Structures are given as structure tokens and as C-alpha cells.
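J.: Below, each chain spelled out in residue letters.
There are 2 protein chains.
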Amino acid sequence: MRRFLTIAAAAARKIVTRREVWPQEGIASASSLPPAPALAAAVKDLPLCRRFSTMPWSKPVTIDNINPKVLKCEYAVRGEIVLRAQLIQQELLTKPSSYPFNEVIYCNIGNPQSLGQVPITFFREVLALCDHPALLEKSETHALFSSDAIARAWRILDNIPERATGAYSHSQGIRACREEIAEAIAARDGYPANADDLFLTDGASPGVHMMLQLLLRSEQDGILCPIPQYPLYSASIALHGGTLVPYYLDEENGWGLKVEDLRRQLQSARAEGIKVRALVVINPGNPTGQVLSEENQKQIIQFCKDECLLLLADEVYQENVYVETKKFFSFKKVSRSMGYGEKDLSLVSFQSVSKGYYGECGKRGGYMEVTGLDNDVKDQLYKIASVNLCSNISGQILVSLVMNPPKNGEESYELFLQERDLILASLGRRAKTLAEALNKLEGVSCNEAEGAMYLFPRLHLPERALKAASAVDMLPDTFYARRLLDATGIAVVPGSGFGQVPGTWHFRCTILPAEEKLPDIISRISTFHQRFMDEFCD
Amino acid sequence: MRRFLTIAAAAARKIVTRREVWPQEGIASASSLPPAPALAAAVKDLPLCRRFSTMPWSKPVTIDNINPKVLKCEYAVRGEIVLRAQLIQQELLTKPSSYPFNEVIYCNIGNPQSLGQVPITFFREVLALCDHPALLEKSETHALFSSDAIARAWRILDNIPERATGAYSHSQGIRACREEIAEAIAARDGYPANADDLFLTDGASPGVHMMLQLLLRSEQDGILCPIPQYPLYSASIALHGGTLVPYYLDEENGWGLKVEDLRRQLQSARAEGIKVRALVVINPGNPTGQVLSEENQKQIIQFCKDECLLLLADEVYQENVYVETKKFFSFKKVSRSMGYGEKDLSLVSFQSVSKGYYGECGKRGGYMEVTGLDNDVKDQLYKIASVNLCSNISGQILVSLVMNPPKNGEESYELFLQERDLILASLGRRAKTLAEALNKLEGVSCNEAEGAMYLFPRLHLPERALKAASAVDMLPDTFYARRLLDATGIAVVPGSGFGQVPGTWHFRCTILPAEEKLPDIISRISTFHQRFMDEFCD
Chain L
9 MRRFLTIAAA
19 AARKIVTRRE
29 VWPQEGIASA
39 SSLPPAPALA
49 AAVKDLPLCR
59 RFSTMPWSKP
69 VTIDNINPKV
79 LKCEYAVRGE
89 IVLRAQLIQQ
99 ELLTKPSSYP
109 FNEVIYCNIG
119 NPQSLGQVPI
129 TFFREVLALC
139 DHPALLEKSE
149 THALFSSDAI
159 ARAWRILDNI
169 PERATGAYSH
179 SQGIRACREE
189 IAEAIAARDG
199 YPANADDLFL
209 TDGASPGVHM
219 MLQLLLRSEQ
229 DGILCPIPQY
239 PLYSASIALH
249 GGTLVPYYLD
259 EENGWGLKVE
269 DLRRQLQSAR
279 AEGIKVRALV
289 VINPGNPTGQ
299 VLSEENQKQI
309 IQFCKDECLL
319 LLADEVYQEN
329 VYVETKKFFS
339 FKKVSRSMGY
349 GEKDLSLVSF
359 QSVSKGYYGE
369 CGKRGGYMEV
379 TGLDNDVKDQ
389 LYKIASVNLC
399 SNISGQILVS
409 LVMNPPKNGE
419 ESYELFLQER
429 DLILASLGRR
439 AKTLAEALNK
449 LEGVSCNEAE
459 GAMYLFPRLH
469 LPERALKAAS
479 AVDMLPDTFY
489 ARRLLDATGI
499 AVVPGSGFGQ
509 VPGTWHFRCT
519 ILPAEEKLPD
529 IISRISTFHQ
539 RFMDEFCD
Chain P
9 MRRFLTIAAA
19 AARKIVTRRE
29 VWPQEGIASA
39 SSLPPAPALA
49 AAVKDLPLCR
59 RFSTMPWSKP
69 VTIDNINPKV
79 LKCEYAVRGE
89 IVLRAQLIQQ
99 ELLTKPSSYP
109 FNEVIYCNIG
119 NPQSLGQVPI
129 TFFREVLALC
139 DHPALLEKSE
149 THALFSSDAI
159 ARAWRILDNI
169 PERATGAYSH
179 SQGIRACREE
189 IAEAIAARDG
199 YPANADDLFL
209 TDGASPGVHM
219 MLQLLLRSEQ
229 DGILCPIPQY
239 PLYSASIALH
249 GGTLVPYYLD
259 EENGWGLKVE
269 DLRRQLQSAR
279 AEGIKVRALV
289 VINPGNPTGQ
299 VLSEENQKQI
309 IQFCKDECLL
319 LLADEVYQEN
329 VYVETKKFFS
339 FKKVSRSMGY
349 GEKDLSLVSF
359 QSVSKGYYGE
369 CGKRGGYMEV
379 TGLDNDVKDQ
389 LYKIASVNLC
399 SNISGQILVS
409 LVMNPPKNGE
419 ESYELFLQER
429 DLILASLGRR
439 AKTLAEALNK
449 LEGVSCNEAE
459 GAMYLFPRLH
469 LPERALKAAS
479 AVDMLPDTFY
489 ARRLLDATGI
499 AVVPGSGFGQ
509 VPGTWHFRCT
519 ILPAEEKLPD
529 IISRISTFHQ
539 RFMDEFCD
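Those protein sequences? They're chains L and P, same order as listed.
One rule links them: number in our numbering = place in the first sequence (from 1) + 8.
One rule links them: number in our numbering = place in the second sequence (from 1) + 8.
Incorrect hints may appear among the rest.
As the list makes no split between identical chains, a pair holds if one copy fits it or if it spans any two.
[As the list claims (entries may be wrong)] Pairs of lysine-lysine residues, derived as PhoX-like cross-links and limited to a Cα-Cα distance of at most 20 Å, are as follows: (1) K386 with K77; (2) K391 with K77; (3) K341 with K306; (4) K67 with K306; (5) K146 with K283; (6) K67 with K351; (7) K448 with K335; (8) K67 with K283; (9) K440 with K283; (10) K475 with K386; (11) K351 with K341; (12) K334 with K415; (13) K448 with K391; (14) K67 with K386; (15) K334 with K77; (16) K415 with K266.
Honestly, the hints are just simulated from the structure, not real lab data.
From a predicted model like this one, the values you see are computed outputs, not experimental measurements.
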């Protein structure tokens with residue numbers, strides 16, 4: 009039936025507009041509309057599809073009509089090389105002889121437990137008890153769990169209303185967990201920390217998203233990011249519609265950060281009309297592995313203060329330092345040691361359960377500590393957090409545990425130390441062994457990893473390799489990574505996913521494969537590389 | 009030291025632009041900049057703060073320079089009434105006699121375990137075993153866990169690489185969990201489901217965000233949403249910069265949905281130049297509690313097909329139906345029964361572990377099933393999911409469990425049935441008791457809750473109450489809810505947070521308080537209401 013509805017008729021039927029639905033000021037403008045068009049634009053009553061009855065049904069959502077910011081966003085850590093690695097892994101299941109290797113080794117992402125790292129016993133004991141508190145009432149439980157895990161589980165449960173680990177928490181996270189974390193931060197830094205400044209998050213990534221969503225108003229808003237950087241930042245800036253303003257880490261000087269480079273890039277961006285809102289620093293560095301000196305941190309803090317920038321400190325690798333000459337200092341500690349408090353510096357620090365010696369990526373726990381922001385701005389963060397209700401409770405509990413591991417005198421302490429130190433010592437050895445092996449390869453140079461979980465070797469590729477890549481429409485580093493994967497089953501991420509000085513080529517490789525597998529992995533990479541160079545060198 | 013840097017000098021020092029860093033097409037444009045200004049806009053080298061040396065340091069982020077979309081977003085479920093409730097709860101701890109009640113009762117949000125609902129034993133057993141797989145090797149474990157929980161934990165662990173529940177999974181979720189869920193959907197609907205169509209999410213909310221982020225390009229893109237609606241939709245549309253296009257549920261007819269109203273609102277929005285992309289349907293309804301008839305669902309599906317709209321089906325209350333006369337049918341099942349397949353309808357269904365009889369809000373598990381979208385569009389969803397790496401693994405496991413609870417013949421089956429049926433029967437009774445009590449109040453009318461977890465009574469407020477609200481600059485429903493909280497400790501959400509027909513006033517109240525507490529709660533509400541009416545009626 010065809011019906012034509014006039015505006016008058018529509019009015020008679022009391023069509024209600026968006027503005028009427030939301031009488032409050034805030035919401036009204038949220039859904040406010042452009043002014044209604046003239047009456048000439050009569051209401052069309054015929055369903056879209058029937059207006060052109062010979063047309064087939066066309067899908068409402070296609071690649072051509074989605075949000076262009078989504079199209080622009082790239083995330084190489086799970087990009088084409090990884091997708092291909094997953095395909096190869098599937099093929100190996102059905103046709104084990106289709107590749108010259110038996111298994112795919114994922115060195116693309118810092119995911120320790122996927123490569124066999126075993127979780128810390130104490131953490132998992134407490135999580136299991138909090139998941140199933142009925143265990144705490146049974147006598148057999150004492151044979152299965154350490155006494156301090158049981159005590160810790162009780163302490164946590166007693167601080168959750170109704171002991172309900174299955175209830176939504178406060179949008180910022182369970183207050184008792186935040187208080188424990190605040191105490192741990194204070195003990196780490198020697199300066200006070202406040203539970204109200206903490207937002208518990210599903211890993212560090214949602215915290216970064218939240219901050220960028222808060223900051224970015226348009227493409228004219230910029231964020232200073234290191235290059236190379238972890239692509240969470242470039243992806244998130246693209247999704248939220250801002251502009252990445254790069255600053256360069258100095259590969260020749262161990263991926264050092266020079267404040268004069270920061271200043272130059274800031275000025276250049278400002279000259280182009282970009283309003284730079286924040287500076288991202290990743291310390292220890294990802295993908296570059298450097299650990300900043302305290303002196304360098306002071307310069308960065310002074311720069312942010314002078315230039316009125318929010319400092320976004322990605323400190324998720326704070327437990328991953330492998331060299332005697334360096335130590336992790338939080339930006340908060342350093343800023344407080346300079347005499348700068350809440351009224352002098354705006355600083356957000358991110359931490360995660362995914363990294364460190366714990367490597368609990370799948371648990372999605374983390375926090376951000378927000379200091380030097382006005383309460384009305386923090387209220388807006390609370391609101392964004394509220395829309396997703398809360399982060400997962402196991403992750404919340406776990407982040408309170410990694411910040412407060414067993415203490416001397418508790419039953420789990422010895423085992424905890426042993427497990428932790430084994431992992432950290434092994435990571436240090438692996439970082440060293442892999443870097444040495446990579447530096448032995450023709451045309452490869454690799455800085456030491458002082459911390460974090462990655463190496464970012466530079467590839468000096470022969471001219472013919474660049475041409476071969478170009479001929480198949482690939483970037484040279486992607487071409488190399490693709491060849492490496494197909495020949496060895498080792499998945500790394502091309503440097504172009506992280507950003508690099510134009511004309512240079514790199515890849516990121518985690519240091520995470522089990523130590524006993526390293527000799528084989530190194531031998532596979534070396535053999536592949538030699539053949540690659542033989543093929544493309546004149 | 010003052011230095012002035014010319015553009016020429018900058019070039020000599022090799023300032024690198026954003027465009028050079030990201031040589032790839034996609035990323036280059038992501039961070040592309042407006043054209044560089046003329047040389048006249050010389051680079052300013054002096055730090056911002058030093059240019060005006062008498063000025064105090066000003067914070068880089070203030071309420072006046074954050075993303076206006078964040079400011080516009082409102083989320084009443086955790087809004088002012090709840091913030092006040094939390095304050096009162098704190099005050100009661102230190103001064104128990106400061107209010108005429110002993111405890112705050114949170115009826116603002118569907119959070120069953122915060123009000124004492126006990127989790128399903130089997131689900132928690134499996135979660136604990138997966139959190140601490142070392143338990144599976146110990147003999148004492150058999151005294152503490154049911155045999156089918158142990159078997160299920162083994163099955164899950166055997167399907168995770170390295171049995172690593174602490175590893176990041178595939179961005180869409182663990183394949184084995186997705187396969188189990190797909191089988192369960194197929195069994196529920198009688199039509200096939202595909203693991204590749206499933207995205208496991210931290211509750212349903214991140215799935216909704218993901219879809220809206222994908223769809224919304226500007227304020228000209230609209231989403232048809234029911235009014236009243238769950239404010240996740242209005243908040244998320246505001247955050248992603250689109251326009252909410254309301255359609256009205258018919259309160260006089262049990263919150264029914266008339267397709268001709270849908271069409272009228274669609275046409276009205278189109279006449280205003282809005283490109284309507286999708287229709288949100290919440291079934292069973294939140295906050296309204298109605299369960300759609302199959303016939304009505306068919307009309308909605310036909311409407312989406314005819315009008316080229318993506319159907320976003322919020323089906324998180326699929327297990328919460330309390331009346332004999334209604335049954336839950338998924339939109340996928342109904343569409344397939346109409347003969348519509350992947351090529352005829354674009355449909356996304358959301359499910360969560362937070363609702364149903366399980367009520368596991370804090371675990372943050374859920375999925376969305378994406379059908380009838382092109383693979384290249386699904387690739388974009390994969391990319392958005394990848395930027396946050398994956399949802400939490402416990403939540404992933406739990407959603408596979410709630411979709412596949414114990415089966416007849418398994419050790420836990422009897423206990424499971426008993427626990428489930430007790431909860432559902434009690435919820436049904438509570439819905440009925442509360443609605444009857446509300447309907448007895450002067451000037452209150454309340455539809456039955458056929459499903460979900462809420463009642464949405466209408467308040468016919470006396471003129472003087474409206475004036476009193478206006479005098480303190482509050483909406484009448486907020487004024488009422490605030491008075492109710494202060495007098496009784498019961499936190500409900502004003503109807504204005506959900507949207508309502510202009511000039512009508514409501515509140516949303518969960519049906520979740522424990523049954524033994526209901527008589528007292530009803531008595532408190534009734535007494536308060538009578539006094540309120542006495543105060544404001546002439």
C-alpha cells in the first residue's frame with residue numbers, strides 16, 4: 009500500500025523530535041539536529057527498496073559507507089603477517105609437510121604465556137579462590153592452596169560488597185583494590201598516591217583510548233609520539249580523529265630521546281596549526297627496548313611543563329629491566345623529586361598485568377594513575393569509564409596482586425621469588441643472545457634491549473631486494489618479514505607498523521620464545537637471512 | 009637560552025613530517041595534516057610558558073578544551089543519583105544515624121550479585137580450574153569440584169594453545185569457545201551459526217561501541233533507538249558523534265512497538281537530512297520489560313530489509329522471560345524462518361554473561377554475532393577488536409559456559425537446574441510483586457515486566473511537585489528519585505535518563521533486591537510516596 013504523508017499529517021500524528029525527548033541541556037544537544045529542511049522536502053513514505061523495485065537488496069553497511077577513521081586505523085601487530093601466520097598454522101594441521109617447519113612461532117606480540125611462560129603460582133591461587141569462594145569454606149582447600157593465598161583471598165573478598173566477584177564494581181574499580189595499588193605506588197616511589205586517582209582498566213589499552221577520546225577534538229589536535237612507537241597509539245589517534253606528531257628516537261645512540269628533537273617537532277607541528285595536547289613516552293621502550301635515564305626523564309618533565317603538555321607515560325614494562333646500568337623510575341617519582349606536584353604537572357601513568365614477569369595478557373588487568381588534572385575533568389573520565397560499567401573483576405584483583413606480591417615471611421614468598429627471578433633472568437639472557445645473533449647477520453644492526461620485551465633490528469637491504477619488494481607492491485620490511493615467515497614459521501612485525509626514519513627498514517621481534525628453542529630459532533633466522541642476502545646481493 | 013629557528017634551518021636539521029613516517033597509503037592519510045602554512049608563520053622556539061613569564065602554569069587539559077562529544081555524553085545509570093547514593097553509603101559508615109535507614113539499596117542497575125544473588129556453582133568451578141590449572145593435577149581436587157566441571161575445564165584448556173589462559177587470544181576470541189557458542193546458537197535457533205561470525209567481548213557494551221564506531225561518520229548518521237532506551241545507546245551515539253533517532257514504545261499498550269511509528273520517525277529523520285544507518289531493538293526490553301511477539305519481530309525484520317537498515321538486536325535478556333504467554337525468539341531465528349539469509353538481512357545480535365539467571369556482571373563476558381555483512385566490513389571489525397587485543401579470557405570461557413550449561417546425565421545437572429530455576433522463579437515473583445505494589449500507589453501506573461530485570465513505572469506528579477522541582481532546577485523525575493533516595497536509601501534512575509514521551513515522568517527500578525527484603529522495600533517506597541503526594545497535592 010502506498011501512502012504519502014504530509015508534514016501536516018505527521019504533525020497531527022505527533023511526531024516527536026529528538027530535541028523533545030531529551031529535555032535536559034546536555035543530552036538535548038548531544039542528539040540535536042540540523043534545522044529541519046523546507047516543506048518542499050516532503051516526507052517520503054515508500055520504503056527505500058520499493059522505490060526502485062527492480063533493484064536487488066543492497067547491504068546497509070559496506071566498506072564504502074563506514075566510518076573513514078576506522079579505515080584509516082592500522083594495527084600491524086595483528087596485521088597481514090599475523091593473519092598469514094594463522095593461515096599457515098591451520099594448513100600445518102591438515103598438511104604437516106606443506107612448509108619447511110613444524111610450527112609457527114609468534115614473535116609478533118608480547119604474549120609470554122602463549123610461548124610457554126608459566127604464570128606465578130600465588131597470583132593464580134588467589135584468582136581461583138576469588139572465582140569460587142565456596143572453596144574457602146572447605147578443609148581440602150588447605151591442601152591445595154598456600155596459606156597466604158587463602159588469607160589474601162579472604163582479605164579481597166571481605167572488601168567487596170556481598171563478596172560478589174560477579175558484580176559490577178565502581179566504575180573506577182573496587183575501592184579496596186585501588187587502595188592497595190595506591191599504597192604500592194607510594195612504596196615504589198616514596199611519594200603518596202591516591203585511590204581516587206586510579207582507574208582500573210582491562211589492560212593498559214582501554215586507558216590509552218579513554219585519554220585520547222578525552223583529548224582529541226579534531227585533526228587539529230596532535231599527540232607527540234615516539235617513532236618507532238607501539239601502534240596502539242597511532243591506531244587510537246586515528247580512531248579518535250586526531251593527528252600523530254612524531255618525534256624520533258635516535259637509533260645510533262641506543263634509541264635515545266633528545267629533548268631538542270621533541271621541541272623541534274613540537275614547533276614544526278605548531279607552525280602547521282596543530283594544537284599539540286600531550287606527549288607519549290614509552291619507558292622502557294616498545295619496540296625499542298631502551299630505558300630512560302633519570303636525567304633524561306627530568307628534561308622530558310620540564311619540557312611538558314614548559315610547553316603545557318599532558319605527559320602520557322606508558323610504564324607497562326616497569327618490571328622489565330635487564331641491565332645493571334639502568335633502573336626504572338616512574339615519571340611521577342621523578343617529577344615529585346623535582347618538586348613538582350599536582351599543581352605543576354599533568355601526568356597519566358599506565359600499568360598492565362600483561363607485561364613484567366607476570367605476563368598475564370589474557371587476564372586484561374591494568375590501571376591508569378591520573379594526576380594534576382582538575383576534578384571536573386576526572387569526572388568526565390569517570391563518565392567514559394561508566395559507559396562500559398567497569399573493567400573485569402579478575403583483572404582488577406590481579407593488578408592489585410602484581411602491585412602487592414607476597415612478602416618476606418609469607419608462605420608463598422620463596423616460591424614467588426624463585427618463579428619471578430627465573431623469568432626475569434631468562435628474559436635478560438634471551439634479549440642478549442638474540443641481539444648478539446642478529447648483530448652477526450650481514451647488513452643487520454641491532455641495539456641492545458635494556459628493558460621491555462622486544463628487539464628492533466635494522467635491515468640494510470640490498471637494492472635488488474627493495475626492487476623485488478616494489479615489484480610485488482610491498483614495503484621492503486614487509487617483504488622481508490613475509491619471506492621470513494614462509495621460510496621459517498617465525499612471525500615478526502615489519503618496522504613500518506611502528507614508524508621509522510624514512511628510508512630505513514626494521515622488524516620487531518619479541519625476546520619471548522622459550523630459551524631451549526632459541527638456538528633453533530637463531531639458526532633458522534640466520535640461514536634464511538643468508539639465503540635472502542645471497543639471492544638479492546649482486 | 010632563546011633560540012629562533014628558521015624554516016630553512018629546520019629543513020637543514022631534517023625535520024621529518026608525519027607524511028614521511030608512514031609511507032603506506034592507509035596510515036599516511038590517517039595522520040595527514042592540513043597544508044603547511046606560509047613561511048610567514050615562523051616557527052616559535054620559545055616554550056609556551058616563557059613567552060608570558062608572569063603567567064602561572066596553566067593546566068594543559070581543562071573542562072573547556074576536552075572533546076565536546078565526551079561532554080555531551082550522559083549515562084544516567086551511573087549518574088547523579090548513584091553518586092549521591094555512594095556518598096550516603098560512606099556517611100552511613102561513619103555516622104549510622106544520619107539517615108532514616110541503615111543501608112543503601114542499589115536498584116539503579118541490573119547487578120544481581122551485588123544484591124546477594126549467588127553465582128551458579130558449575131560456572132565458578134570451571135572458571136577456578138581454568139584460572140589455576142595446576143589444580144587439575146592434584147587428587148584433592150576431586151573432593152572439591154564436580155566431575156563434569158573438571159572434564160569441562162580439561163576440554164577448554166586442551167583447546168587453548170599451551171593451555172595458556174593468561175595469553176592473549178585471537179582478537180575475536182578463543183576459537184574453541186566461539187565454536188561452542190556457535191553450536192549453542194544453532195541448537196537454540198534451529199539454524200546454523202558460524203564461529204567466524206562471533207566476536208567475544210567484555211560484556212555486550214564494547215560490542216555496541218564497536219558497531220557504532222564502525223557506522224557513525226558524522227552527526228548526519230542516525231541510529232533508530234527505542235524510547236525509553238538503555239542509555240548505553242544514547243551515550244555511545246554521543247561519544248561517536250552520531251544522531252539518535254527516537255521511536256516510541258507505546259506505554260498504553262504494554263510498551264509495544266508499532267512498525268508504523270518506526271517508519272514515521274525514519275521518514276521524519278530522512279526529511280531532516282539524516283542518513284539512518286541502523287535500528288536498535290532491545291528484546292526483552294530495557295528499561296521497559298516487554299517481550300516482542302514473533303509477529304512483531306517479523307514486521308521489524310521486514311522493515312529493516314525494506315529500508316536498508318542494519319538491525320542491532322540487543323538480546324542480553326534472552327533468558328529472562330517471566331510470563332507463560334511469551335517466549336524469546338532471536339531475531340536471527342525469526343529472520344531465517346522468513347527465508348531471509350546472509351544475503352537478505354544485515355543483523356548483529358548482542359549477548360552478555362551479565363544478565364540471564366547467571367548475572368555475572370563483574371566477569372565482563374559477552375559476544376556479538378555478526379551476520380549479513382561483507383567480509384571486508386568484518387575485517388574492519390576485526391581490526392577494531394585487535395587494537396584492544398582481545399576480551400578477557402575468563403569472560404570468554406564464561407560466555408561459552410552460559411551458552412552450554414551442564415546437560416542431563418552430567419554430575420552438576422541437577423544442582424544447576426535447581427539453582428537456575430530458583431533464581432528465575434524468584435525473579436518472576438519479584439517482578440510481579442513489585443509491579444502490583446507500585447500500581448497501588450496514588451498517581452503511579454506500571455506495566456508488567458514480561459522479561460528483563462526492570463520496572464519503569466510512570467509518575468503522574470502533582471503540579472506543585474513539578475514547580476518544586478523547577479525551583480531547585482531539577483527535572484521532576486530526578487527530584488522524585490532524589491527525594492526517594494534521601495528518605496529510603498533506595499537508588500532508582502530517573503526516567504529522563506532513558507528518554508520518555510515529553511511531559512511524562514518515570515523511574516527505572518530493578519526487580520533484583522532479595523525476596524525477603526521486598527516487603528520492607530515496598531513499605532519504604534509506599535510510605536515515602538504517600539508523604540510525597542501529601543506534601544505536593546493541593
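J.: Return the numbers of the hints above that this structure violates; sort them in rising order.
T.: The structure breaks hints 5, 7, 9, 10, 12, 13, 15 and 16; every other hint is satisfied.
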